[in-house]
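Spelled out from the first residue to the last, the chains are:
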Amino acid sequence: MNAKENIKKIIVKKPLKLDCGKTISDYPLAYETYGELNGKKDNAILAFHALTGDQFVAGTNPVTNKAGWWSYLVGPSKAIDTNKFFVICANVIGGCMGSFGPSSINPETNKTFGTNFPVITINDMVNAQYNLLEFFKIEKLYSVLGGSMGGMQVLQFVANFPDKTKTAIPIACTASHSAQNIAFNELGRQSIMADANWKEGNYLKLNLSPDKGLAVARMAAHITYLSKKGLQEKFGRKLQERDDLNFSFDADFQIESYLRYQGSIFVDRFDANSYLYITRAMDYFDLIKQFNGNLSKAFEKTKTKFFIISFTSDWLYPTSENKEIVIALNSSGADVGFIEISSDKGHDSFLLEVPEFLKTVKNFLEANY
Amino acid sequence: MKKEFQIISELINNNTKVLDVGCGDGTLMKFLKDKKNVDTRGLEISKENVQNCISKGLSIIEGNAEKDLHQFPNLSFDYVVLSQTLQAFYNPENVIDDLLRVAKKAIVTIPNFGYWKVRIHLLLKGTMPITDNLPNEWYNTPNLHMCSIKDFSNFCSKKKIDLIESIALNGEKTSKINEANINIKNLSSELGIFLIKK
Numbered sequence: 002m003n004a005k006e007n008i009k010k011i012i013v014k015k016p017l018k019l020d021c022g023k024t025i026s027d028y029p030l031a032y033e034t035y036g037e038l039n040g041k042k043d044n045a046i047l048a049f050h051a052l053t054g055d056q057f058v059a060g061t062n063p064v065t066n067k068a069g070w071w072s073y074l075v076g077p078s079k080a081i082d083t084n085k086f087f088v089i090c091a092n093v094i095g096g097c098m099g100s101f102g103p104s105s106i107n108p109e110t111n112k113t114f115g116t117n118f119p120v121i122t123i124n125d126m127v128n129a130q131y132n133l134l135e136f137f138k139i140e141k142l143y144s145v146l147g148g149s150m151g152g153m154q155v156l157q158f159v160a161n162f163p164d165k166t167k168t169a170i171p172i173a174c175t176a177s178h179s180a181q182n183i184a185f186n187e188l189g190r191q192s193i194m195a196d197a198n199w200k201e202g203n204y205l206k207l208n209l210s211p212d213k214g215l216a217v218a219r220m221a222a223h224i225t226y227l228s229k230k231g232l233q234e235k236f237g238r239k240l241q242e243r244d245d246l247n248f249s250f251d252a253d254f255q256i257e258s259y260l261r262y263q264g265s266i267f268v269d270r271f272d273a274n275s276y277l278y279i280t281r282a283m284d285y286f287d288l289i290k291q292f293n294g295n296l297s298k299a300f301e302k303t304k305t306k307f308f309i310i311s312f313t314s315d316w317l318y319p320t321s322e323n324k325e326i327v328i329a330l331n332s333s334g335a336d337v338g339f340i341e342i343s344s345d346k347g348h349d350s351f352l353l354e355v356p357e358f359l360k361t362v363k364n365f366l367e368a369n370y
Numbered sequence: 004m005k006k007e008f009q010i011i012s013e014l015i016n017n018n019t020k021v022l023d024v025g026c027g028d029g030t031l032m033k034f035l036k037d038k039k040n041v042d043t044r045g046l047e048i049s050k051e052n053v054q055n056c057i058s059k060g061l062s063i064i065e066g067n068a069e070k071d072l073h074q075f076p077n078l079s080f081d082y083v084v085l086s087q088t089l090q091a092f093y094n095p096e097n098v099i100d101d102l103l104r105v106a107k108k109a110i111v112t113i114p115n116f117g118y119w120k121v122r123i124h125l126l127l128k129g130t131m132p133i134t135d136n137l138p139n140e141w142y143n144t145p146n147l148h149m150c151s152i153k154d155f156s157n158f159c160s161k162k163k164i165d166l167i168e169s170i171a172l173n174g175e176k177t178s179k180i181n182e183a184n185i186n187i188k189n190l191s192s193e194l195g196i197f198l199i200k201k
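Top line first, the protein sequences correspond to chains A and B.
Using our numbering, the first residue of the first sequence is number 2, and each one after it goes up by one.
Using our numbering, the first residue of the second sequence is number 4, and each one after it goes up by one.
It cannot be assumed that every hint is accurate.
Unchecked claim - Heads up, simulated DSBU-like pairs for lysine-lysine below, C-alpha to C-alpha not over 30 Å straight-line: (1) Lys324(A) / Lys153(B); (2) Lys363(A) / Lys107(B); (3) Lys153(B) / Lys363(A); (4) Lys230(A) / Lys39(B); (5) Lys6(B) / Lys42(A); (6) Lys79(A) / Lys70(B); (7) Lys360(A) / Lys179(B); (8) Lys59(B) / Lys153(B); (9) Lys324(A) / Lys36(B); (10) Lys153(B) / Lys50(B); (11) Lys179(B) / Lys304(A); (12) Lys36(B) / Lys298(A); (13) Lys107(B) / Lys360(A).
Unchecked claim - Far from chain A, by Cβ distances over 10 Å, these chain B residues were calculated: (14) Asn40; (15) Ile57; (16) Gln74; (17) Lys176; (18) Ile187.
What the hints assert, rightly or not - Simulated restraints, written as ranges between beta carbons of each label pair: (19) Lys39(B) / Lys304(A): 31 to 37 Å; (20) Glu140(B) / Pro356(A): 42 to 48 Å; (21) Gln263(A) / Lys39(B): 51 to 57 Å; (22) Lys20(B) / Asn293(A): 43 to 49 Å; (23) Asn143(B) / Glu367(A): 56 to 62 Å; (24) Thr30(B) / Pro356(A): 50 to 56 Å; (25) Gln263(A) / Glu140(B): 35 to 41 Å.
Derived from the structure by calculation, the hints contain no laboratory data.
C-beta atoms are modelled at their ideal positions from N, C-alpha and C, and glycine is treated no differently.
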């Protein structure tokens, strides 16, 4: 676990009053950067990660030794060219890659927080990350961007700090988590809680790990990230290393084997309690309600130039929900662009090599810099 | 930049806010933004053109005038531009209403079906006219509601829409259209350009 000890962190001294009413201070916020901040400090981009992401956007993730979650998009000469831009990404609070979260040690008890960690919101995550601007002495970011929960953070960031970024790119997201979104998250949480090793969230103290529950949560969520067409084309009814059905409950089909694999690798890198906390934060996200039913009020004061991107086959955060954001921005007179990218890869499109998407981000960032 | 766009840009005051509906590759928007300090927004249906506009740093929304104009609040623009696409809508009447809802003034250009070449084509050949401005066959044309300069003019008076300026374009030659010369202009012009308000 050496790599985990080398994670860059700031300790945020400034107290942060959370939406739940509690106040936290002196908490760690883990981050990573790519490229260099220029002399004018006008080339900084803050990227926000999604539910199971972390601060390791590009290159190789030193903890998992796998490619960073946005390595198609971010890197030297890529859509977000790190020869030109300075990319910052922080692990959200509530996460498990070095930032303050349920697996952190509670100084009052000297044990891990577990479910004694306060419930956090997207607003809390964004307010915590704002401290990075002060840390790097950046007056104004060039851009904030993110997909899925990262997109929600983009919207919240501009609502909270209307003059702190020149541009913003919310991708495949929503201004208000839908009943269907909440339902899928609840399925994941119940799966974790149903694992006998979860122990009301105290598994770390007991050296246990609710791997099965977390793996099932991941499997269920993974289906929602793909499209029916994409699944059918990739897997169909193909069998896994066998010529015929086995008449058993083994993974006969390739899709079963694939999901089991996705579940099994996920538990190695993710904390089950973090999964509970972060999905809860997403469910509580309702920017429309925060602005008393009028989303355009969220963007009333901003001069930030927005570009919103959705994907045709994304049924988790469909184009219609992304367009609601466009409509709200237009209502407030904000500067906004929008495109729906054609892709069969479902919600996951924003993480994958979808050339039209990569081109859109590149063109937008380069043309407005 | 083509003559039509030059005329349109002359109708637009500096430092205003303009929505270009069906803005294509953004040529007009870019010109207005750079030369007249106009705050521009574009609505465009082709993904390729949306990308062209993004590359030019323009604010572009992928969408269709019949479905996506509703998102703009009342009178949120000084001008809205609709260049040679009115005839392609299912319901041009509703589109004009919506244009005049979102902007104080609208600039609408139409390929003139009253142009003499169009008339001659139908009269002599007896088949649907094909000209430089109307290059498609009847079976693959996007144009559903062709009209002439006179038709559009009559439409405006019937709907009590103010025709502030009516300009005829024939090649590179422009001229004003008025009540006295409308029959001639309707015959001699390829394109009609109208500045209207409600």
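Right, here's what the structure says about each hint:
no., hint, result
1, Lys324(A) / Lys153(B), "violated (39 Å)"
2, Lys363(A) / Lys107(B), "violated (35 Å)"
3, Lys153(B) / Lys363(A), "violated (47 Å)"
4, Lys230(A) / Lys39(B), "violated (48 Å)"
5, Lys6(B) / Lys42(A), "violated (43 Å)"
6, Lys79(A) / Lys70(B), "violated (35 Å)"
7, Lys360(A) / Lys179(B), "violated (44 Å)"
8, Lys59(B) / Lys153(B), "violated (37 Å)"
9, Lys324(A) / Lys36(B), "holds (25 Å)"
10, Lys153(B) / Lys50(B), "violated (34 Å)"
11, Lys179(B) / Lys304(A), "violated (40 Å)"
12, Lys36(B) / Lys298(A), "holds (27 Å)"
13, Lys107(B) / Lys360(A), "violated (35 Å)"
14, Asn40, "holds (15 Å)"
15, Ile57, "violated (4 Å)"
16, Gln74, "violated (4 Å)"
17, Lys176, "holds (36 Å)"
18, Ile187, "holds (42 Å)"
19, Lys39(B) / Lys304(A): 31 to 37 Å, "violated (20 Å)"
20, Glu140(B) / Pro356(A): 42 to 48 Å, "violated (34 Å)"
21, Gln263(A) / Lys39(B): 51 to 57 Å, "holds (54 Å)"
22, Lys20(B) / Asn293(A): 43 to 49 Å, "violated (27 Å)"
23, Asn143(B) / Glu367(A): 56 to 62 Å, "violated (37 Å)"
24, Thr30(B) / Pro356(A): 50 to 56 Å, "violated (25 Å)"
25, Gln263(A) / Glu140(B): 35 to 41 Å, "violated (52 Å)"
In summary, the numbered hints that this structure violates are 1, 2, 3, 4, 5, 6, 7, 8, 10, 11, 13, 15, 16, 19, 20, 22, 23, 24 and 25.
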